[in-house]
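J.: What follows is each chain in one-letter form.
There are 2 protein chains.
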Amino acid sequence: MKQIHVVESVLKASAAAAGENRRLMDEAGLLAINLMSAPGSGKTTLLETTIPALGPGCPCAVLVGDLQTTRDAERLGPLAVETVQINTGKGCHLTPGQVAEGLRCLDLSRFAFLFIENVGNMVCPAAFDLGEHLRVVLLSVPEGDDKVAKYPTLFQKADAVLLTKVDLLDILDFDISRVRDDLSRLNTRAPFMEISSKRGDGLDRWLTWLKDQRQARSPGQEPTAKS
Amino acid sequence: MKQIHVVESVLKASAAAAGENRRLMDEAGLLAINLMSAPGSGKTTLLETTIPALGPGCPCAVLVGDLQTTRDAERLGPLAVETVQINTGKGCHLTPGQVAEGLRCLDLSRFAFLFIENVGNMVCPAAFDLGEHLRVVLLSVPEGDDKVAKYPTLFQKADAVLLTKVDLLDILDFDISRVRDDLSRLNTRAPFMEISSKRGDGLDRWLTWLKDQRQARSPGQEPTAKS
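For the record, the sequence lines run as chains A and B.
Heads up, the first sequence is in the working numbering, so the first residue is 61 and it goes up one at a time.
Heads up, the second sequence is in the working numbering, so the first residue is 61 and it goes up one at a time.
Derived from the structure by calculation, the hints contain no laboratory data.
Check the hints yourself; a few may be wrong.
All copies of an identical chain are treated as equivalent in the list; a pair is satisfied when it fits inside any one copy or across any two copies.
As the list claims (entries may be wrong) - The calculated lysine to any residue pairs, modelled on SDA-like cross-linking and capped at a C-alpha distance of 20 angstroms, are: (1) 150 with 245; (2) 72 with 141; (3) 150 with 188; (4) 150 with 114; (5) 150 with 68; (6) 72 with 250; (7) 217 with 258; (8) 217 with 249; (9) 258 with 229; (10) 258 with 234; (11) 217 with 105; (12) 258 with 189; (13) 258 with 144; (14) 217 with 231.
Here the structure is a predicted model, which is why all the values come from computation and not from measurement.
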């Protein structure tokens, strides 16, 4: 029984930390989005396109989780958004405690959106509530059209699914109808958007969705202290 | 202290199971290769090319780990190799115990090679010895040239690194020298092979390497009971 108690208390602490993160972000009128995908699906590239397109009326902050390196934070630096790099060492996902530490580095009232770029991994991040409001899952065309069925938990819990790198559909063997079918069995709630950050496909729909989601949660609330 | 003892005994049991797997495979003169990569890097496609090319003189068996579905086993079925699909449920990597169960389904003396296709994940599989003789890590061009530095543990422990989908080098922005540089800081032992399963690049070198590795470990030993 000892072992079970230990596990229970770890889970309770994790849920409590996630709840506290959400409370702080709700208070600040911030919409927090947990971006999850395999390595190399284009999470950072999507942010490089999304953040400038949202414009100065929607200031963004980013928490980036990686085992090692600060390369993603360096890529996002030139966008003049506040970026906190969290190195997880051997950790295969971000934890709510790590996100709480990241939040302490930010003046939350300044931002409309917080993007949490999780560790590239289609399994473990799905199991952890970080306190985010929405989960966005990316699947890139080169990964193959069988991934929704193979990693169901991730897609089941998604609030939106983005098929990225659709500019490669012309040259790779990829059946979108297979992805749509698999998704329809797991999750009928999440919109499915076809995106190319490179060519611009689907970005208008994605940006509209983001703004609508924030509007629905924090009607009329604007970031209070722009600097 | 209680908790630490629990963890220690789990680790000991895991190491013991891996050791027993290795002993059984050594006894059978089988070379076991643990294939690890992100989802969609081309592990199954590589096997679809490799197994027929090795030919009837080198009979192969495959253990395939996936959270859900038997799609990889179905893909490998037509190659007339013995394939065991292991569904890990929510498990983010194969365990030595699961591999032991898979081995019990096979007459090991019939095979020259056992390929263990791990769960698509660049983090967790790296931490678990399954009893394999060699670890082969795949990185596909669409994942990006920053992944060696971002997932160092996986590459550090590799006995060979395969850059797959090199047919996409012409159209994607990917700097091979960056990968080579990052790798040279982590692992100078593993050969680095540029592969396209689709176009055939690098397959001769890969097949020669596989046969040399088996020869070095089981000189003169042939599978005993072909059926």
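J.: Would you list, in rising numerical order, the hints stated earlier that this structure does not obey?
T.: 2, 4, 6, 7, 11, 12, 13 and 14
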